[in-house]
Amino acid sequence: ILNVEQSPQSLHVQEGDSTNFTCSFPSSNFYALHWYRWETAKSPEALFVMTLNGDEKKKGRISATLNTKEGYSYLYIKGSQPEDSATYLCASFGRGAQKLVFGQGTRLTINP
Amino acid sequence: NAGVTQTPKFQVLKTGQSMTLQCAQDMNHNSMYWYRQDPGMGLRLIYYSASEGTTDKGEVPNGYNVSRLNKREFSLRLESAAPSQTSVYFCASIIDRDYGYTFGSGTRLTVV
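As they're listed, the protein sequences go chains A and B.
Count the first sequence with my numbering and you get residues 1 to 112, in order.
Count the second sequence with my numbering and you get residues 1 to 112, in order.
Read the hints as simulated data drawn from the structure, not as lab findings.
In this text, a Cβ means the ideal position worked out from N, Cα and C, and glycines have one as well.
Be careful, since some hints might not be right.
Label-pair distances were calculated between CB atoms; the ranges are [unchecked claim]: (1) B:Thr20 / A:Gly54: 42 to 50 Å; (2) A:Asn53 / B:Asp38: 30 to 38 Å; (3) B:Thr54 / A:Asn111: 44 to 52 Å; (4) A:Ala97 / B:Gly53: 41 to 49 Å; (5) B:Ile95 / A:Gly54: 22 to 30 Å; (6) A:Asn53 / B:Glu52: 28 to 36 Å; (7) B:Gly53 / A:Pro26: 24 to 32 Å; (8) A:Thr40 / B:Asn30: 24 to 32 Å; (9) B:Ser18 / A:Asp17: 45 to 53 Å.
Lysine to any residue pairs mimicking SDA-like chemistry, simulated, CA-CA at most 25 Å apart [said to hold, decoys possible]: (10) A:Lys42 / B:Met19; (11) A:Lys57 / B:Ile95; (12) A:Lys69 / B:Pro83; (13) A:Lys42 / B:Arg72; (14) B:Lys71 / A:Gly94; (15) B:Lys71 / A:Glu45; (16) A:Lys59 / B:Met19; (17) B:Lys71 / B:Thr55; (18) A:Lys42 / B:Arg44; (19) A:Lys42 / B:Gly16; (20) A:Lys59 / B:Arg97; (21) A:Lys59 / B:Ala2; (22) B:Lys57 / A:Lys69; (23) A:Lys42 / B:Thr54; (24) A:Lys42 / B:Gly58; (25) B:Lys57 / A:Lys59.
Start from the sequences and build out the full structure, keeping to the hints where you can.
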């Protein structure tokens, strides 16, 4: 079974501060790692899909890195804004799998 | 493009009643998924269809059935609703594993 773990479960950050959180996944049989942003009362939206060790992706103030050898990914948010408040989900595809395995998410709250 | 369309958005059922949740995508995606979201539980996979003509159980299939009617449509049926099936249900689709899921807007189901 492919378990995906995220930490911390929740995080409160002051507006303007930068923050990061972690996703860990089994490194064997890895195919792809996804990050999603999920705002309250909405549906999850894909942020990044990463497949290669050392991948780094960026979208505005949000970036992510991937280490497939040790089985972790970091999501970074620079200069947090209130609109960044959301739950951030990571999920992994195993090699040969047809479905994502989701972590429990990190709930981020930005305090103005 | 409408993306992934779920109907209905809200539904209240009495225990023992049946209903079908509809999901349709217009992006020519191959795989489709049904998830439920419960507080503190994250997203849990109910059933999925890796391609037209196939369906497979996820983590929590009991009490549900699915039909992949064609490439566009994937329905979820509750034959005899129970209060434990009160949840928010999300449909998602993906063209292949190198791309992110597209989620529908969700169906909030209450069973009384």
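Against the structure, the hints come out as follows:
no.	hint	in the structure
1	B:Thr20 / A:Gly54: 42 to 50 Å	holds, 45 Å
2	A:Asn53 / B:Asp38: 30 to 38 Å	holds, 34 Å
3	B:Thr54 / A:Asn111: 44 to 52 Å	holds, 47 Å
4	A:Ala97 / B:Gly53: 41 to 49 Å	violated, 19 Å
5	B:Ile95 / A:Gly54: 22 to 30 Å	holds, 25 Å
6	A:Asn53 / B:Glu52: 28 to 36 Å	holds, 34 Å
7	B:Gly53 / A:Pro26: 24 to 32 Å	holds, 30 Å
8	A:Thr40 / B:Asn30: 24 to 32 Å	holds, 30 Å
9	B:Ser18 / A:Asp17: 45 to 53 Å	holds, 50 Å
10	A:Lys42 / B:Met19	holds, 23 Å
11	A:Lys57 / B:Ile95	holds, 21 Å
12	A:Lys69 / B:Pro83	violated, 44 Å
13	A:Lys42 / B:Arg72	holds, 22 Å
14	B:Lys71 / A:Gly94	holds, 24 Å
15	B:Lys71 / A:Glu45	holds, 22 Å
16	A:Lys59 / B:Met19	violated, 40 Å
17	B:Lys71 / B:Thr55	holds, 12 Å
18	A:Lys42 / B:Arg44	holds, 17 Å
19	A:Lys42 / B:Gly16	violated, 29 Å
20	A:Lys59 / B:Arg97	holds, 20 Å
21	A:Lys59 / B:Ala2	holds, 24 Å
22	B:Lys57 / A:Lys69	violated, 30 Å
23	A:Lys42 / B:Thr54	violated, 29 Å
24	A:Lys42 / B:Gly58	holds, 23 Å
25	B:Lys57 / A:Lys59	violated, 34 Å
Violation of the numbered hints given earlier is confined to hints 4, 12, 16, 19, 22, 23 and 25; the remaining hints are satisfied by the structure.
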